[in-house]
Amino acid sequence: MQLSREALLRAYRQMRVIREFEERLHVEIMTGEIAGFTHLYSGQEAVAVGVCEHLDHEDKIISTHRGHGHCLAKGCDVGMMMKEIWGSREGTCKGKGGSMHIADVAQGMLGANGIVGAGAPIAVGAALAAKLDGGGRVSIAFSGDGACNQGTTFEAMNLAVVTKAPCIFVFENNHYSEHTGWKYAVGTGSDIAGRAEAFGMRVWRGDGTDFFSVYETMRDVLEHVRGGNGPAAVEFDTERFFGHFEGDPQRYRGKGEIDRLRKVRDCLTKFRTRVTGADLLADGDFGRIDAEVRDLIEKSVSEARSAARPTADDVLSDVYISY
Amino acid sequence: MAKMMYREAVQNALFAEMERDENVILLGEDIVGGMGTDGGPEAIGGIWSTSVGLFGKFGPDRVIDTPISESAIIGAAAGLALSGKRPVAELMFADFIGVCLDQIWNQVGKFRYMFGGKTKCPMVIRMAYGAGFNAAAQHSQSVHQILTGMPGLKVVMPSTPADVKGLLTQSIRDDDPVIFLEHKALYASSGEVPEGDYTIPFGHARLARAGQDVTIVATGLMVGFCESVADRLAPEGIGCDVIDLRTTSPLDEEAILDSVEVTGRLVVVDEAPPRCSLATDIAALVGQKAFASLKVPLTMVTPPHTPIPFARELESAYLPSADKIEAAVRKIMAWR
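Chains as they are written, first to last, in our numbering: chain A, 1 to 323; chain B, 1001 to 1336.
Mixed in with the good hints there might be a few duds.
To be verified - Here are the simulated BS3-like pairs of lysine-lysine, each with C-alpha atoms no more than 27 angstroms apart in a straight line:
id : chain 1 : residue 1 : chain 2 : residue 2
1  : A       : K183      : A       : K263
2  : A       : K270      : A       : K183
3  : A       : K255      : A       : K183
4  : A       : K164      : B       : K1057
5  : B       : K1118     : A       : K299
6  : A       : K164      : B       : K1120
7  : B       : K1295     : B       : K1324
8  : A       : K270      : A       : K255
9  : B       : K1331     : B       : K1289
Unchecked claim - Chain B residues, not near chain A, derived (Cβ > 12 angstroms throughout):
id : residue
10 : N1012
11 : E1042
12 : G1053
13 : K1057
14 : G1132
15 : G1211
16 : D1231
17 : G1237
18 : E1261
19 : A1292
20 : T1299
21 : M1300
22 : A1322
Simulated from the structure, these hints should not be mistaken for laboratory data.
Fair warning: this is a prediction, and the values are worked out from it, not measured in the lab.
Don't be surprised by glycine CBs; every beta carbon is placed ideally from N, CA and C.
All chains should be modelled from the sequences, with the hints used to inform the complete structure.
Below, the structure written as structure tokens:
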């Protein structure tokens, strides 16, 4: 393990922020105060953070409908994101995007995306721009076991190989394409990375519930791609703790499945067990971060609740109109 | 002024903008041609010869020949645009928007608004459209009615080589996504093109013929048909005001309304099918804002609501023509 104490604290904090953000939303959505469709990332935090801890704002990522984790890991502002989800004009997208369209291009975050599989081609374009600019920057398309079945993903992988674009296809296999099991929907049975490999790129696999597995895998992937060797793909096996969307009754889950996953596949618990076991961080460190993050999320919710609402005039700005 | 063909004006504008701004990147199927063959690159320079010589001048990083993957082409252009480049993507045929509509409609057209105005998406999607080559139902369509209906996109339909150059230059410099529709039956047409660097602003129609008796609104290939009708009728004392819209989004409402106020008669000519179309849109505009000026009911000249047929006789019967437009004008002039 090569991570400094600061890096470990930071990684834990990032994962904790995502977890707290999502668990709080789960509660708030029940009250009916938040409008629209929300897809929570709880359970997958190790992937977003294990990937994005290697990046800075000049590297690009594009996300999915389940995008809060990627946004937070890439540096989007917690308070502004919460305001966006509340539909405030002070939100990341002035209340025009909502949960599924949070973007911060200045941070290299090219947007969550409501269309499954739409992000991969766009990530290839960002990678081509990085290649033109030089400097070893990369672009990352977060996709899932659902998006791996979209033709757009296939087109994007082939184009990336053909153009040697520094693009990384990260497949987060959370075992559910919406309400359908991946063993049914992914024709290759147990292998998404193998598909990517068939397109002619190097692939890796890792445990998406283990921050260290993700982080160390990504170190190798990024060295390969930043080195000008063209695209790569990674499949991380991970877990989704909530439904496809908030309100999903999840009848497709096995008996006791979620309790079991939270017990044995929780990336935060695993991180803590491993790090305290190796005497790298102490219980007090975690307690301090947990309290600080709770306060941060509490503050962001109370500020979102009282933030300025958009007005009817705001409908007409930020787009060219001729009618 | 220099005389050049419509297709040469496309190449000319692309060349000049690529030279002027290193952020201008081209991508599309066979825009180089011959990649991976014994014959070697630059076998064709685009199936419409609109990118001839660009690969040799600007190289493979800026002239990217892609696989047949329309969604990836438009998506990659979007990613380039979000990353500070000014991509110009080519769809070989406008009909292929069906393959990549998500990227055009749900992605590039929405970024600026959906992201709260904090980003722009400066990209051009060029595509060859239109009938006249007996290319049948999947390679002949006019798709502007679909794209004009999508907020966030600008839609350009040049009818002359001079307009191609000025409007394409404007499209590349514009900060919004622009659909640039090139009529395939016009590629070989010639016209005078001003020398040097110039742009034509969007939303400003061109008065192709001036007259006091009837307003004829058209785009693309239809404009030339309307001009010939105006020329045929002028000796009979029928004055046609022929408005070439140039862009359907933004739409130059003022040019249409001002003309109808004078003439009181309107013929809308459209190459797209008649329902929920540019023609019906203009009819609705005039109905709302110039109803009192109309002396007689307005009329539309469009194809029927059918797919585009293959056989020569069938395609001719399908497509608006100068004769059909002339008949419509005569009818509206005789109405009482």
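Notebook entry, point to check: Are all C-beta atoms of chain A more than 12 angstroms from that of G1053 of chain B?
Noted result: Consistent with the label, G1053 of chain B stays out of reach of chain A, its closest Cβ about 21 angstroms off (over 12 angstroms).
Check: Closest CB-CB distance from G1132 of chain B to chain A, is it above 12 angstroms?
Finding: Holds: least Cβ distance 29 angstroms, greater than 12 angstroms.
Item checked: Given as non-interface: E1042 of chain B, partner chain A, CB spacing beyond 12 angstroms -> Holds: least Cβ distance 18 angstroms, greater than 12 angstroms.
Item checked: Satisfaction of hint between K1289 of chain B and K1331 of chain B, Cα-Cα up to 27 angstroms -> 24 angstroms, holds
Item checked: Hinted pair K270 of chain A and K255 of chain A, Cα distance within 27 angstroms -> 23 angstroms, holds
Next item on the list: Measuring Cβ to Cβ, find out whether A1292 of chain B lies farther than 12 angstroms from everything in chain A.
Entry: 21 angstroms, holds
Check: Taking C-beta pairs only, is G1237 of chain B more than 12 angstroms away from all of chain A?
Finding: Given a closest Cβ separation of 36 angstroms, the condition holds.
Margin query: Just want to verify: T1299 of chain B was marked as not at the interface with chain A; is every Cβ pair farther apart than 12 angstroms?
Written below: 23 angstroms, holds
Check: Is it the case that G1211 of chain B keeps its Cβ farther than 12 angstroms from each residue Cβ in chain A?
Finding: With a cut-off of 12 angstroms, G1211 of chain B remains clear of chain A, as the shortest Cβ separation is near 26 angstroms.
Check: CA of K183 of chain A to CA of K263 of chain A, is that 27 angstroms or under?
Finding: 23 angstroms, holds
Next item on the list: Evaluate the condition: distance from the CB of M1300 of chain B to the nearest CB of chain A exceeds 12 angstroms.
Entry: 19 angstroms, holds
Notebook entry, point to check: Is the Cβ of N1012 of chain B farther than 12 angstroms from every Cβ of chain A?
Noted result: About 24 angstroms separates N1012 of chain B from the closest Cβ of chain A, which puts it past 12 angstroms; holds.
Violation of the numbered hints given earlier is absent; every hint is satisfied by the structure.
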